[in-house]
Amino acid sequence: MARMTYAEAARQAIAEAMRADPRVWCVGEDLGRGGVFGQYRGLAEEFGPERVSDAPISEAAIMGAAFGAAMVGTRPVVEMRFADFALCATDELVNQIAKARFMFGGQSRAPMVIRQPMGMWRSSAAQHSQSLEAWYAHIPGLVVAVPATPQDNYSMMRAAIAADDPVVYLEHKDLWAMEGEVDPAAPFAFGQARHRCQGDDITIVAWSKTANHAEEAAGILAAEGIGAHVIDLRSLWPWDRAAVLESVGRTGRLLVAHEAVQVAGFGAEVVAAVTERAFGALKAPPRRLGAPRTLIPYAPNLEERLRVTPRMIADAAREMLA
Amino acid sequence: MARMTYAEAARQAIAEAMRADPRVWCVGEDLGRGGVFGQYRGLAEEFGPERVSDAPISEAAIMGAAFGAAMVGTRPVVEMRFADFALCATDELVNQIAKARFMFGGQSRAPMVIRQPMGMWRSSAAQHSQSLEAWYAHIPGLVVAVPATPQDNYSMMRAAIAADDPVVYLEHKDLWAMEGEVDPAAPFAFGQARHRCQGDDITIVAWSKTANHAEEAAGILAAEGIGAHVIDLRSLWPWDRAAVLESVGRTGRLLVAHEAVQVAGFGAEVVAAVTERAFGALKAPPRRLGAPRTLIPYAPNLEERLRVTPRMIADAAREMLA
Amino acid sequence: MRETNRDIGRSLALLTMMERIRAFERQAELAATRDRLVLGAIHLSYGQEAVAAGVMHALRRDDLLLSTHRGHGHTLAKGADPAAMMKELLGRAGGCCGGKGGSMHIADFGVGMLGANGVVAANITIGAGAAHGIRLLGDDRIVVDIFGDGAINRGPFLEGLNWAAVFSLPVLFVCEDNEWSATTRTARMTAGAGAAARARAIGIEAETVDGADVEAVADLAAELVARVRRDRRPAFLHARTWRAGGHTYFDPAAYRDSAEAEARAREGDPIERQRARLAAAGIAAAELDAIRAGAMAEMEAALAAAAAAPFPPAAAAFSDVQDIGSPAGEAY
Amino acid sequence: MRETNRDIGRSLALLTMMERIRAFERQAELAATRDRLVLGAIHLSYGQEAVAAGVMHALRRDDLLLSTHRGHGHTLAKGADPAAMMKELLGRAGGCCGGKGGSMHIADFGVGMLGANGVVAANITIGAGAAHGIRLLGDDRIVVDIFGDGAINRGPFLEGLNWAAVFSLPVLFVCEDNEWSATTRTARMTAGAGAAARARAIGIEAETVDGADVEAVADLAAELVARVRRDRRPAFLHARTWRAGGHTYFDPAAYRDSAEAEARAREGDPIERQRARLAAAGIAAAELDAIRAGAMAEMEAALAAAAAAPFPPAAAAFSDVQDIGSPAGEAY
Ligand SMILES: Cc1ncc(C[n+]2csc(CCOP(=O)(O)OP(=O)(O)O)c2C)c(N)n1
Ligand SMILES: Cc1ncc(C[n+]2csc(CCOP(=O)(O)OP(=O)(O)O)c2C)c(N)n1
Ligand SMILES: [Mg+2]
Ligand SMILES: [Mg+2]
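So the protein sequences, as listed, match chains A, B, C and D. Residue numbering for the first sequence follows the numbering used here, starting at 1072 and increasing by one per position. Residue numbering for the second sequence follows the numbering used here, starting at 1072 and increasing by one per position. Residue numbering for the third sequence follows the numbering used here, starting at 10 and increasing by one per position. Residue numbering for the fourth sequence follows the numbering used here, starting at 10 and increasing by one per position.
Everything labelled a hint here was simulated from the structure, so no lab data went into it. Accuracy of the hints is not assured; some may be wrong.
[As the list claims (entries may be wrong)] Computed cross-link-like contacts, EDC-like style, restricted to lysine to aspartate or glutamate with a CA-CA straight-line distance of at most 20 angstroms:
| hint | chain 1 | residue 1 | chain 2 | residue 2 |
| --- | --- | --- | --- | --- |
| 1 | B | Lys-1354 | B | Glu-1250 |
| 2 | B | Lys-1244 | C | Asp-228 |
| 3 | A | Lys-1354 | A | Asp-1271 |
| 4 | B | Lys-1354 | B | Glu-1317 |
| 5 | B | Lys-1354 | B | Asp-1272 |
| 6 | B | Lys-1244 | B | Asp-1101 |
| 7 | B | Lys-1354 | A | Glu-1347 |
| 8 | A | Lys-1354 | B | Asp-1101 |
| 9 | B | Lys-1354 | B | Glu-1375 |
[As the list claims (entries may be wrong)] Sample of chain D residues at the chain C side, in silico, Cβ under 10 angstroms:
| hint | residue |
| --- | --- |
| 10 | Ile-161 |
| 11 | Asn-162 |
| 12 | Arg-163 |
| 13 | Phe-166 |
| 14 | Ala-173 |
| 15 | Ala-174 |
| 16 | Arg-197 |
| 17 | Ala-206 |
| 18 | Arg-207 |
| 19 | Ala-274 |
| 20 | Arg-284 |
| 21 | Leu-287 |
| 22 | Ala-288 |
| 23 | Ala-289 |
| 24 | Ala-290 |
| 25 | Ile-292 |
[To be verified] With beta-carbon atoms standing in for the labels, derived distance ranges:
| hint | chain 1 | residue 1 | chain 2 | residue 2 | range |
| --- | --- | --- | --- | --- | --- |
| 26 | D | Asp-332 | B | Glu-1317 | 19 to 27 angstroms |
| 27 | C | Arg-43 | D | Arg-239 | 57 to 65 angstroms |
| 28 | A | Pro-1258 | C | Ala-337 | 22 to 30 angstroms |
Ideal Cβ placement from N, Cα and C applies to all residues, glycine included.
Full structure from sequences and hints, please.
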């Protein structure tokens, strides 16, 4: 048990995996100087430049070459710097990495972690702020990780590196400095949600940074006597539908909150899947809170306007109980 | 009014637009010989190689260069050959084309039609069969067109070329040879669904090829005395939520069918949006029919296994009424 | 005369491989056109067989290969079983990818063939990466990464070559230049002096060879493969060849001047050239004919076996997707 | 002495522009560090001002420009209003993009500046396309498409240059080679002889210039711009320069040898060089100082105006997205 930041938790997870398995290596731009957010600090010094490798500004090659190296038995951690730049390597990720094992009839594997720092972060504007987790959940072959706390960024990074599947690993840039206790022995499995707090009045489903907001909202609601069960999905494929169904079975109310654009966001999947299966349990219409279908502006006041806040979550929950 | 194929309908729409407006031009690989599906046949002969332009195998440049040309006032029709290859140009489409007007504070426009033939088509396997319409619906700045008939492929292509927005134009490869009547004067506006058939028992929402299946399913159901209201959305952004809500208000039952992977597909958005707004009207849980979250196999028997068929739609509707 | 015997042996082996490739593809074509057993597109390499035969001859079985949509010849020459390949083309159980990939995704990891690719140029970075993996693992294998002339206009050509050079990776890039990109003459859409010049500008030594001459291809490939294996850095082989047929089996190639196309195909037929060379070296016509007949018989048997094989079991649609969140468990 | 007067006039104009660029960026830096009015990253071009000033001097106002994340200098030199630019950096109403783009997306279509870009190399194909549009429209404008040395390792470099050459487009590509890609020395990640050699291999004539010498840049740019305008085909200018500061304003660049970095910055300071040249040509120090003071005053006023400007109205978050399906109507 130790206190550390979200960035440091993943860094330690990687360092430990690299110590344990010489096939694990990291590759991306500027990693030798610790990475653009310092999330690789010290790793090049410990493991050398071959295993913590700089890269040219060649996202397609970073993704494609890491995939080739994965097929021959290494286990790359790929750094995309900003989730937005992964769009320079979409063919490699979606047409190649996600599909190869199936197309080749099981002959190949792509044990890769594809780190894509995402989300809005201090006026980064439209090309450095996106949250595209719904895209990757839609693509067979990919596992989608959306950690929200230092503990989960440790446990999930360990699990992602240990996985034989390609894991799209979406860290939220606004969480790098978040501190928390980390227990390296804490169990984790993809598809198991974290229950942030219990309550019988409403189920609030969220992930990534918004899960922290949901927990905060539950605090506001608790002070008013409303019990919210907050479920942090942690991974979107697989996702813990069972936990959500169990909770909605008790509360009868479902609110899903996320930072991404609401239209065709993963919140739609949660609402649809739950409504299909637990329609009879619902006491009120389910509801989503996501960003409007507009682009992310630079001006801080406009950027703020698009954020889903704890207060918005609490307000929506209250309305659903009214 | 004339009888023609789906491919020919779009071809005529383009030819007419090019005759009327010298700024309209087409660009993509092999267009000079009519395009890989013959959907540009004769255009190079009529308009010359500058306006029906071949391209190197450079999807990123096709997309990026067409965007640059659009910003200076031309109106490109961009051919991606298979929707899957558009993933070689995702940065250009999503980070550049969709965002530029907003990022530049309204100074620029990207009047472009981005043709992406999609869908399963006679054993084309995992890299030539995808349906990713949900992705584009999730991206602010983009209009998403999914025509299902010759008439709509005519009217919608005309509207797409006339639009000042970038339109992701997804034709289904399995429909190229479909014949039907085309009225060039038929009105069309993005966001207006087509009512394929009326009925008061269940609302079936679909688009692209699956809308034709839904209509067929309605025929099966009608023979059994079940009235299905089949709504072909035609565009997914904007989409005709009002029409769907009106229908579900009458029928109380919503079934959404599409060829794409069901998980995080656009069907989830339709179910979620309707449930949020018309919960009280629903008499049964809404339901989706999409592909399982697996890759598209080459073997014809396996490929067939992933298809949503008219019979499956009819069966699901019947179950919902039981 | 040991030397000469060894040379003749190699020459016969190269001819045999080319005959097998052509016979395989003829049967594949018949399976598509006559038997209608192939639904998807298949891309034949008629006239280009010398590149596959000559380059693969220089490789060890544990060396690695990545190829393109036009990859039957490369795959066969790397040592894959034609019956398993033919089953794959017909989408059958027992296909080398279990019938799930088909012609454009043919692969046989058992012989180091890490896959054809349906996306032009995508294999260039992946192949560089396989070599990167070899470097990290520290063994002495090398990678051959083949692509067409059309692929040199896609970004991964630049990114993959630069990657291989920067990281000093053991990969031989092979540009199989058949002058065509589907229905387009590649030269019309390609600026500058071509594939080899582009490679050199990225710091990779490049050599051009007459791809209709299988001996020349084999010689140059042997030299470059040895160099790559020894120096552990990339090299580039530009093989000039000619696509004798259409882009796919159903493309009549009506867009090209048929007199020119036929003349080029005739002059550049690597099999006829090799037969002539061997005849001149004193090999009896009967022996040469027997090689051809043997290849034909082998591939007819491969097609027969494939046509008799069952389709994959339905469960195959859900296997080999992913371990975590497998659709075999939860698909919706 | 008309000739000399004209030369001196140009020299003074070039100096003035460089001083204005530097003064603008100093104020931008102060806005970020001292005033905390800039939240997003800004990338300063200290030491690189000669490229912006020299190249833009060769352009007409209606010529077009596309630039990178490090684009303030280019934009200002193309003729944009510094007050509107500063408002953009502060995310204010009246910013040249209405406060919605910020530093990395700065644009002023009114002076032909079609945008900076937050994605390295993405502007290369877009700029080629702008030239394609000009070709289709049939007028005599040209495009300047600027990118850094790091951008030559991304696919769009190859695809965009090949496109421009194949379609014979009026675009001048400018590689602003400051030897760094963020915290990485570009040479370590770049194979071969560099930007100009790569351009030549794609059939584009390329010239290299000392980017610290604004007169040399202006001379070469004038020649290449005239050539592009006349011949309607692409050319390539490789400007060698040095990033005097960190990658962003908050990067202390601790990863580089500070003695080398400082020496390079000192020797390569294009403003000091131009001042020395003008002093040697007889221009009084007072006149040179007045140019600097004027630039400083102008940019202090720009910052003051920006800091006083209001933030954009809330509705701006929903405008300029799309006409059809606009979020101003229906956003969810
Ligand atoms: C990225 C991409 N764009 C387009 C295609 C369609 N396509 C398949 S093969 C081909 C021509 C390829 O030419 P070349 O690389 O020379 O190989 P060849 O077919 O001549 O063997 C094209 C355009 C594709 N498969 N992938
Ligand atoms: C595709 C992409 N990858 C990575 C980045 C992050 N990034 C921003 S600037 C930069 C360095 C660019 O170097 P160069 O092109 O030489 O331009 P300079 O910063 O030196 O002006 C990097 C890696 C990006 N913006 N886009
Ligand atoms: Mg070719
Ligand atoms: Mg640089």
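Verification of the supplied hints:
With a C-alpha separation of about 37 angstroms, the suggested pair Lys-1354 (chain B) and Glu-1250 (chain B) falls outside the 20 angstroms cut-off, and the hint is violated. Annotation: proposed proximity of Lys-1244 (chain B) to Asp-228 (chain C) is violated, straight-line Cα distance about 45 angstroms (limit 20 angstroms). Note on Lys-1354 (chain A) and Asp-1271 (chain A): the hinted pairing holds, with a Cα-Cα distance of about 13 angstroms set against a maximum of 20 angstroms. Proposed proximity of Lys-1354 (chain B) and Glu-1317 (chain B) is supported: the alpha carbons are some 14 angstroms apart, at most 20 angstroms.
Between the alpha carbons of Lys-1354 (chain B) and Asp-1272 (chain B) the distance comes to roughly 10 angstroms, so the proposed pair stays at or under 20 angstroms and holds. As the CA atoms of Lys-1244 (chain B) and Asp-1101 (chain B) are separated by approximately 17 angstroms, the hinted pair is consistent with the 20 angstroms bound. For the given pair, Lys-1354 (chain B) sits about 12 angstroms from Glu-1347 (chain A) by alpha-carbon distance, which is consistent with the 20 angstroms threshold. A hinted pair counts as satisfied when its Cα atoms are at most 20 angstroms apart, and Lys-1354 (chain A) with Asp-1101 (chain B) does not qualify at roughly 57 angstroms.
At most 20 angstroms may separate the alpha-carbon atoms for a hinted pair to count; Lys-1354 (chain B) and Glu-1375 (chain B) exceed this at roughly 32 angstroms. This hint holds: Ile-161 (chain D) has a C-beta 8 angstroms from the nearest C-beta of chain C, less than the 10 angstroms allowed. For the restraint placing Asn-162 (chain D) at the interface with chain C, the shortest Cβ-Cβ distance is roughly 5 angstroms, inside the 10 angstroms limit, so the hint holds. At about 7 angstroms, the closest approach between the beta carbon of Arg-163 (chain D) and any beta carbon in chain C falls short of 10 angstroms, and the interface hint on this residue holds.
Given hint, Phe-166 (chain D) at the interface with chain C, holds; its Cβ is 6 angstroms from that chain's nearest Cβ, closer than 10 angstroms. Among the interface hints, the one on Ala-173 (chain D) holds; its C-beta lies about 8 angstroms from the nearest C-beta in chain C, closer than the 10 angstroms criterion. With its C-beta approaching chain C no nearer than about 3 angstroms, Ala-174 (chain D) sits inside the 10 angstroms limit, and its interface hint holds. For Arg-197 (chain D), the suggested interface contact is upheld, since its CB lies about 8 angstroms from the closest CB of chain C, less than 10 angstroms.
Of the supplied interface hints, the one on Ala-206 (chain D) holds, with its beta-carbon coming within about 5 angstroms of a beta-carbon of chain C, less than 10 angstroms. This hint holds: Arg-207 (chain D) has a C-beta 5 angstroms from the nearest C-beta of chain C, less than the 10 angstroms allowed. Contact between Ala-274 (chain D) and chain C, as hinted, is not supported at the beta carbon level, the nearest pair being about 27 angstroms apart and thus beyond 10 angstroms. Here the hint on Arg-284 (chain D) is broken, as its CB sits about 38 angstroms from the closest CB of chain C, past 10 angstroms.
A hinted interface residue such as Leu-287 (chain D) counts as satisfied when its beta carbon comes closer than 10 angstroms to some beta carbon of chain C; here the least separation is about 39 angstroms, so the hint is violated. For Ala-288 (chain D), the interface hint is violated, the least distance from its beta-carbon to any beta-carbon of chain C being 42 angstroms, above 10 angstroms. With its C-beta approaching chain C no nearer than about 40 angstroms, Ala-289 (chain D) sits outside the 10 angstroms limit, and its interface hint is violated. Using the Cβ-Cβ criterion of 10 angstroms, the hint placing Ala-290 (chain D) at the interface with chain C is not satisfied: the shortest such distance is roughly 40 angstroms.
A distance limit of 10 angstroms between C-beta atoms decides the matter here; for Ile-292 (chain D) the minimum to chain C is near 43 angstroms, and the interface restraint is violated. Between Asp-332 (chain D) and Glu-1317 (chain B) the Cβ separation comes to about 25 angstroms, which falls inside the hinted range of 19 to 27 angstroms. Roughly 59 angstroms separates the CB atoms of Arg-43 (chain C) and Arg-239 (chain D), a value that falls within the hinted 57 to 65 angstroms. For the hinted restraint 22 to 30 angstroms between Pro-1258 (chain A) and Ala-337 (chain C), the CB-CB distance of approximately 24 angstroms keeps it satisfied.
In this structure, the earlier hints numbered 1, 2, 8, 9, 19, 20, 21, 22, 23, 24 and 25 are contradicted, and the remaining ones agree with it.
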